[in-house]
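Number of protein chains: 2
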Amino acid sequence: MSIENISVNKSFGGWHKQYSHHSKSLNCSMQFAIYLPPQMGSGTKVPVLYWLSGLTCTDENVMQKSGIQRIAAELGIAIVAPDTSPRGEDVADDAAYDLGQGAGFYVNATEMPWSKHYQMYDYVVNELPELIEASFPVSDKRAISGHSMGGLGALNIGMLNPERYSSISAFSPISNPVNSPWGQKAFTAYLGEDKANWLNYDPSELMKRATELVPAKVDQGESDNFLVEQLKPEALLAAAESNDYPLMYQLHEGYDHSYYFIASFIEEHLRFHAKHLSQ
Amino acid sequence: MSIENISVNKSFGGWHKQYSHHSKSLNCSMQFAIYLPPQMGSGTKVPVLYWLSGLTCTDENVMQKSGIQRIAAELGIAIVAPDTSPRGEDVADDAAYDLGQGAGFYVNATEMPWSKHYQMYDYVVNELPELIEASFPVSDKRAISGHSMGGLGALNIGMLNPERYSSISAFSPISNPVNSPWGQKAFTAYLGEDKANWLNYDPSELMKRATELVPAKVDQGESDNFLVEQLKPEALLAAAESNDYPLMYQLHEGYDHSYYFIASFIEEHLRFHAKHLSQ
Chain Z
25 MSIENISVNK SFGGWHKQYS HHSKSLNCSM QFAIYLPPQM GSGTKVPVLY WLSGLTCTDE
85 NVMQKSGIQR IAAELGIAIV APDTSPRGED VADDAAYDLG QGAGFYVNAT EMPWSKHYQM
145 YDYVVNELPE LIEASFPVSD KRAISGHSMG GLGALNIGML NPERYSSISA FSPISNPVNS
205 PWGQKAFTAY LGEDKANWLN YDPSELMKRA TELVPAKVDQ GESDNFLVEQ LKPEALLAAA
265 ESNDYPLMYQ LHEGYDHSYY FIASFIEEHL RFHAKHLSQ
Chain R
25 MSIENISVNK SFGGWHKQYS HHSKSLNCSM QFAIYLPPQM GSGTKVPVLY WLSGLTCTDE
85 NVMQKSGIQR IAAELGIAIV APDTSPRGED VADDAAYDLG QGAGFYVNAT EMPWSKHYQM
145 YDYVVNELPE LIEASFPVSD KRAISGHSMG GLGALNIGML NPERYSSISA FSPISNPVNS
205 PWGQKAFTAY LGEDKANWLN YDPSELMKRA TELVPAKVDQ GESDNFLVEQ LKPEALLAAA
265 ESNDYPLMYQ LHEGYDHSYY FIASFIEEHL RFHAKHLSQ
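If you read the sequences in order, they're chains Z and R.
Going by our numbering, the residue at position 28 of the first sequence is 52; the numbering climbs one at a time, nothing skipped.
Going by our numbering, the residue at position 91 of the second sequence is 115; the numbering climbs one at a time, nothing skipped.
All clues given are correct.
Intra- or inter-copy, both count: the list cannot distinguish identical chains.
Pairs of lysine-lysine, BS3-like flavour, derived with a Cα cap of 30 Å: (1) Lys299 to Lys165; (2) Lys89 to Lys69; (3) Lys48 to Lys219; (4) Lys165 to Lys232; (5) Lys299 to Lys69.
No lab work stands behind these hints, which were simulated from the structure alone.
None of these values were measured; they are calculated from a predicted model.
Working from the sequences, and respecting the hints, build out all of it.
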């Protein structure tokens with residue numbers, strides 16, 4: 025388990041760093057970013073928030089555009105941002121932005137040609153935290169968050185692994201992918217035609233049948249162009265109601281799908297996670 | 025004076041908007057961004073901070089990467105970010121990143137082929153504020169700030185127009201361009217070989233001989249790769265001392281030339297400007 029440092033920037037008294045490493049789950053070289061808050065300098069082990077990005081993104085989007093470091097520095101939380109898919113010339117791809125590289129959907133693909141590398145679920149749940157916890161002075165307290173496709177990933181991974189995450193949050197998640205064009209296209213490619221195999225990666229399905237209930241917070245912009253066709257928060261809300269799931273949901277007038285929305289509310293998400301991480 | 029809206033994003037309760045317009049001074053179509061804080065909705069006229077970006081940047085860098093909107097929303101300040109040069113197929117350019125499009129240095133060029141379009145000083149000092157003040161509910165209270173080449177622009181423009189700006193600030197400015205490779209290359213091209221014509225665009229020269237002293241704040245990262253060869257804050261500090269100029273200067277250990285540095289200290293800059301804008 026070796027990691028190679030690519031870049032370093034001081035930020036709010038802590039450090040933003042990018043690393044590359046060989047991923048066993050993904051069978052390729054991967055890049056991730058970590059924000060190390062100033063508290064880590066004094067030997068304190070800090071908890072980690074994993075941030076999963078949306079379609080077309082890399083580790084850089086949340087680190088450059090969300091302002092997350094300011095609150096992470098105040099609260100003493102490390103932030104880890106993986107890439108959104110396996111990468112490289114040998115890795116299967118598609119010309120569309122919503123399939124292949126940059127669009128891993130955080131699932132373990134079962135279908136060829138995707139299954140050789142597209143094992144993002146295993147990477148995010150197991151390999152990456154193991155690497156982070158072996159390489160940096162962090163505790164084993166974890167939370168997970170994300171945006172759009174990454175909001176789907178955060179909700180799925182958090183609900184499927186309640187023993188591993190203290191809290192879950194999402195901005196504008198793809199909440200019911202089995203009924204959205206993005207989800208149907210990606211799941212058909214990665215998981216095959218049998219829709220029974222899709223249900224384990226559908227946040228609304230998982231929220232209906234969850235038994236250990238990890239606290240969740242979801243924020244959605246009302247002027248988001250993808251709201252009606254792709255995101256479908258109403259399915260998540262119905263699932264939460266049917267299962268008494270502890271979901272805090274807010275719809276925000278005028279906000280869209282961009283990082284301008286995320287930056288406006290990231291502080292509330294970090295304070296939500298900090299409360300649960302400290303319990 | 026007509027402007028055309030290109031994009032709108034809600035941000036911290038206010039609005040980030042991009043516009044294009046035909047610039048008379050620059051003789052081409054230009055794009056700018058404005059952040060309108062939530063206070064403007066109630067008919068309040070707010071003051072404006074002009075932000076000048078560095079080499080290779082556009083209106084987007086500060087709006088996407090600095091987190092400036094959070095404090096602008098709190099303090100009720102509009103932020104205006106122009107582009108860094110004239111643009112377009114008809115506009116003279118150079119293959120290097122530090123000359124031509126993206127590298128206007130906020131001067132009025134006198135030499136061919138640059139003089140036809142490269143009149144960024146006039147654009148920033150006169151045309152753009154006139155347009156902003158005619159198009160948006162802002163007051164005529166102005167402050168100016170910027171980064172690197174834009175820090176040079178902010179210091180020059182602020183000191184040359186003390187009646188127009190309440191306060192000046194800069195991150196990592198090119199403080200003594202007549203003695204730096206970036207400055208010498210650009211000034212030779214835009215202003216010609218006679219160095220006497222360069223002195224009016226050199227912040228350290230202007231700070232030595234200023235008579236109306238606009239309060240200024242400069243922050244510099246100690247791990248900035250450009251510090252010694254290109255930025256030369258020591259010249260600015262010597263000038264301030266020789267003229268008793270009200271310059272607040274801070275050198276920050278570990279910080280580099282990136283927006284990670286700017287984001288870490290932008291709040292202090294906005295509070296500095298707010299104090300002077302309200303006087």
